[in-house]
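Going down the list, the sequences are from chains D and L. Per our numbering, residue 1 is the first one in the first sequence, and the count goes up by one each step. Per our numbering, residue 1 is the first one in the second sequence, and the count goes up by one each step.
These are computed hints drawn from the structure, not numbers from a lab. A couple of the hints might just be wrong.
[Claimed, not checked] For the chain D half of the interface with chain L, some residues (derived, Cβ under 8 Å), not all of them:
{"hint": "1", "residue": "Ala-9"}
{"hint": "2", "residue": "Leu-10"}
{"hint": "3", "residue": "Ser-16"}
{"hint": "4", "residue": "Asp-56"}
{"hint": "5", "residue": "Lys-107"}
{"hint": "6", "residue": "Asn-108"}
{"hint": "7", "residue": "Thr-111"}
{"hint": "8", "residue": "Pro-114"}
{"hint": "9", "residue": "Ile-120"}
{"hint": "10", "residue": "Thr-122"}
[What the hints assert, rightly or not] Derived coverage of chain L by chain D (criterion: at least 3 residues anywhere in the stretch with Cβ under 8 Å from a Cβ of chain D; other residues may be distant):
{"hint": "11", "segment": "41-51"}
{"hint": "12", "segment": "182-196"}
{"hint": "13", "segment": "236-246"}
Note that CB positions come from ideal geometry on N, CA and C, so glycine has one too.
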Amino acid sequence: MSSATRVRALIAKEWSELLHSRLLLATVVGVPLIFVGVASANMLTVAALPPDPTGDPLPAYMLEMCDGLDGIPCVQVYLASMFHLLFLMTPMVIPSTIAAHGVVGEKNAKTLEPLLATPITTAELLLAKTVAPLVPGVLATWFGYAAWMAIAFATMPRPVVAHLLTPPWALAMVFAAPLMAAFSTLIGLMVSSRSTDPRAAQQVAGLGVLPLVGLIFGQLSGLVLVSAPLVIALCACLLVLDAGLWWLATQVFEREAILTRWK
Amino acid sequence: MNAIIAHELTRRFDDRVAVDHLSIEVAPGEVIGFLGPNGAGKTTTVRMLAGLIAPTSGTAEVAGFRIDTQVVHVRARVGLLTETPGLYDTLPAAQNLRLFAHLYGCDDVEGRIRRWLERFGLWERRDDPPGSFSKGMRQKLAIARALLHDPPVLFLDEPTSGLDPEAATVVRDAIASLRNDGRTIFLCTHNLTEAERLCDRVALFKTRLIAVDTPRALRDQLFGRQVAFHVGRADDALLAVLRAVPGVIEVARNDSRLVARIDDPEATNPAAVRALVAAGADVRFVGEVRHSLEEVYHELLGARAGTP
Ligand SMILES: Nc1ncnc2c1ncn2[C@@H]1O[C@H](COP(=O)(O)OP(=O)(O)OP(=O)(O)O)[C@@H](O)[C@H]1O
Ligand SMILES: [Mg+2]
Chain D
1 MSSATRVRAL
11 IAKEWSELLH
21 SRLLLATVVG
31 VPLIFVGVAS
41 ANMLTVAALP
51 PDPTGDPLPA
61 YMLEMCDGLD
71 GIPCVQVYLA
81 SMFHLLFLMT
91 PMVIPSTIAA
101 HGVVGEKNAK
111 TLEPLLATPI
121 TTAELLLAKT
131 VAPLVPGVLA
141 TWFGYAAWMA
151 IAFATMPRPV
161 VAHLLTPPWA
171 LAMVFAAPLM
181 AAFSTLIGLM
191 VSSRSTDPRA
201 AQQVAGLGVL
211 PLVGLIFGQL
221 SGLVLVSAPL
231 VIALCACLLV
241 LDAGLWWLAT
251 QVFEREAILT
261 RWK
Chain L
1 MNAIIAHELT
11 RRFDDRVAVD
21 HLSIEVAPGE
31 VIGFLGPNGA
41 GKTTTVRMLA
51 GLIAPTSGTA
61 EVAGFRIDTQ
71 VVHVRARVGL
81 LTETPGLYDT
91 LPAAQNLRLF
101 AHLYGCDDVE
111 GRIRRWLERF
121 GLWERRDDPP
131 GSFSKGMRQK
141 LAIARALLHD
151 PPVLFLDEPT
161 SGLDPEAATV
171 VRDAIASLRN
181 DGRTIFLCTH
191 NLTEAERLCD
201 RVALFKTRLI
211 AVDTPRALRD
221 QLFGRQVAFH
231 VGRADDALLA
241 VLRAVPGVIE
251 VARNDSRLVA
261 RIDDPEATNP
271 AAVRALVAAG
281 ADVRFVGEVR
291 HSLEEVYHEL
301 LGARAGTP
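If we strip away everything but chain L, and leave its shape as in the complex, we get (with noise of 0.2 Å):
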């Protein structure tokens, strides 16, 4: 059973729509990147599926659980990263997972505790209080209050959001680090290079859902799989002879590469090198052409927004 499974999702504010009719399923231990600019209805979507807020229409379960009629078995199944960590600065790190283990029933508090605080090098700060931290250990305490009683699903709204880059690269390791725990992480982001990394799957969501696969597929279907042919001097003829190898779907000429659309290059290659060599070409290398998750982004999108 999955995860994860939202059927026609919707939130309204008023008379504005925060989430129209999202439907996705989320596979157990799967990592998925929700991926959308600023106000494109991420946090709404989150508060929703951790049940803090009710959804205006459309329903959903999480962890085996539905959020309208299980909400309490929904939270007692899932941790939440908020937008904003929310630490008590006042009272020592130890002291705010505390309360949290109590709240959550869990066992062994102190044991949590101390597993979690290691885990992401905290321990020994324990008893200072938040208040004193860097943002990036400050986000680490928070994504540890989440993961303290174990929750088979773990949202995470934009973890990395408004931290310098070194304390970005900390708390991405810091959430690398739980990939294999076989826990499903749902993984709110503006931030292309951090979904592309941690992520199994990405959805792309601005309102509604406009495209969810894995970033290699999603590029693939945007762009089709393109190969590059680097063969010195690219000329008219050599192009009329790639054009006509089958499986080749277009080719465009670019200074010294012929760089060709084919559906399934692994098979193709071959001859289209063949047929290279045979008209003359000196076939200097062949790649493959990767377009960035950014590219599949905007082209989706269509908009340059919510990229730091």
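Chain D on its own, in the form it takes in the complex (with noise of 0.2 Å):
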């Protein structure tokens, strides 16, 4: 019950100070925002060119992922699937800037000691910090996609829509989005909790999105085709992952340490 309290009220006042610092703003807008611009200019101008730019066939691997579509509808749809995974990118960006911000924030403003000084416990403290991060972000990406949905649909040609929004990439959007979430929230937390700098703990934090961009190129080069297993798969790894990082961060984080050995 009051450790309840706790969380809530951290989580509000952490959300407070989101709603005032402009950076972190302008990093929960902006970031989707940019996202549906650069997807929905692509598709446009795509879907503008004629029937047949070079004559020449596309390779197989396109054809593969439209299953029955050829030409200008075809790259649509594998261009399509590309922003999905920039869409992915949302929620391990925002995440972890906020959270990078989450504690070196604090200890620069010297906040942390009275804060440290309550009978919060550590995993309290751990929850809200994460909490307060994921849901803006989580929030920012599927409110990023829908638009981008929206606006596929209202300009897109029917079969490709018909590619758009399929099982793999709504299970990636529903629940790969806020574990992925989650992992980059709380490595930013704990490269926060050790570092005195909150650039250099967002760009560490921001590793984490290596990952995902390895799947991009894989799914550029046609070495990976983004299925519902795999993504069942992906997460899966992601809540073990997760978990880890979970117990790695309640060990890494101790209260004494970041009040004494970075003043």
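From these two lone chains plus the hints, build me the complex, please.
Have a look at this one:
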């Protein structure tokens, strides 16, 4: 009961501070906005191309992905899958940025010591510091994705649209996105509790995005085809990783070291 | 039972000893000044007693709980004003307090916030962020935050350092107003006037505890009690007369005054005055010589350090 009160109070504080930080607000709002803009502009540019600009046949891995479509619509489906992955970067980028500021920011403002002097437990503190960045990160992802889908549905031909919202992507957005957000939040928090510079913490935390970038290049080159089993396997891995990171975070976050080792 | 009991409390940072075998007891409701120069280990002591860092060795009990095995109970029962106020500068003053009221599991959160803000004259500014406050107001808000949960023990780590004299007075008055609440206050400072005005007892500390007593007893212990007899013309004859009075330990001549060290002036002065008058002295007035705590401090610490 009082434990939930403490966590809720701290989350409320984190969100109020978020609303007062231009940098963090710009990240939360700006990142999905840019992704929506880039994705829509690309899709519309491709749609405006002449039916067969090069005359060459499309590579086999593209055709496999489009099953049945050819020409410009297939290129659109192929690009769309790229942008799906781009949207999956949102839950990696936003929460890690917020989380990286979460501890370093308080350390620099000297607000951490009064906080640690209260009866709040380390787990409660970490829980609040994890949930607080995770929620806006996931919401921003979903809003951005929904906006892009709305634009795509309004402007794309029906056969292309039918290939956009497929079960693997729906699964990825609903389940993988929050798990990825938790992953990057925890990395951001851990780096943050061991660093004195929010920007450095942010950059190191940003490295957590790399596996996802690998996936993007895998798909670009036709090596990986995103399918429902792949997404489910990815979610399972993330779940295990998240649990491990949570345990690690509770170990890394030593109240005393945070106060005495980095003045 | 005492509010603070420290026993051989020691804290090392690598091979530097910050606090060396500190043993001290503080009674409930007592205001104790913890006086020492920069780097004396005041903040380290407070952090240990407030349950923020662990001692290297030794133990302590604060508000009835041990700082090692019952640290969560200790944290719930102490208030801490840290060296820097550590307020959330962008959030309204009331919201700063609200967070801590919830963290301490307080009931009647809004009532408490109002009570403390009104008490420190900040209620009108409750919706403003502390970033827009003066230093004195920020410090008062931070003290209010430390008091929200009505802790029986309050630690104040240099509450007036870095404030201009006016702001320091405002904060000092706020602390003085807490004196009658029956709360134990552990006040770190290197301001001697502050310690003398606010504290029942003063601990002189520089890595080790050097002395602890009431400011008056510290003065008496060090300089003895001294009485000045203003006699117009102090000559060797009068000096000899005074020295012969039982209870007078030592006499010095100083222009028109004879300054005597007397253990119990209340008992000895009448006889001394009678003897001087009988010897023909014009006793104009008799007064006790007061030494400042500052003199005690420098005498005991042997250095002119840390006085602002
Ligand atoms: N986190 C730390 N790491 C290493 N040494 C430390 C640390 N904190 C304090 N010390 C050392 O311990 C000693 C006591 O420091 P402390 O901050 O407790 O003194 P203080 O009395 O509060 O001084 P001030 O009046 O300047 O606030 C100093 O020599 C300081 O350098
Ligand atoms: Mg200090």
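Now the hints, each set against the structure:
1. Ala-9: Holds, about 3 Å.
2. Leu-10: Interface hint status for Leu-10(D): holds (7 Å vs cutoff 8 Å).
3. Ser-16: Hint holds; Ser-16(D) Cβ to chain L Cβ min 5 Å, cut 8 Å.
4. Asp-56: At 57 Å from the nearest chain L Cβ, Asp-56(D) fails the 8 Å test, so the hint is violated.
5. Lys-107: violated, 10 Å
6. Asn-108: violated, 11 Å
7. Thr-111: holds, 4 Å
8. Pro-114: holds, 5 Å
9. Ile-120: holds, 5 Å
10. Thr-122: violated, 11 Å
11. 41-51: Since 3 is at least three, the answer is holds.
12. 182-196: Violated - the segment 182-196 of chain L has 0 residues with a Cβ nearer than 8 Å to chain D, which falls short of three.
13. 236-246: violated (count 0)
Checked against the numbered hints listed earlier, the structure breaks hints 4, 5, 6, 10, 12, 13; every other hint is satisfied.
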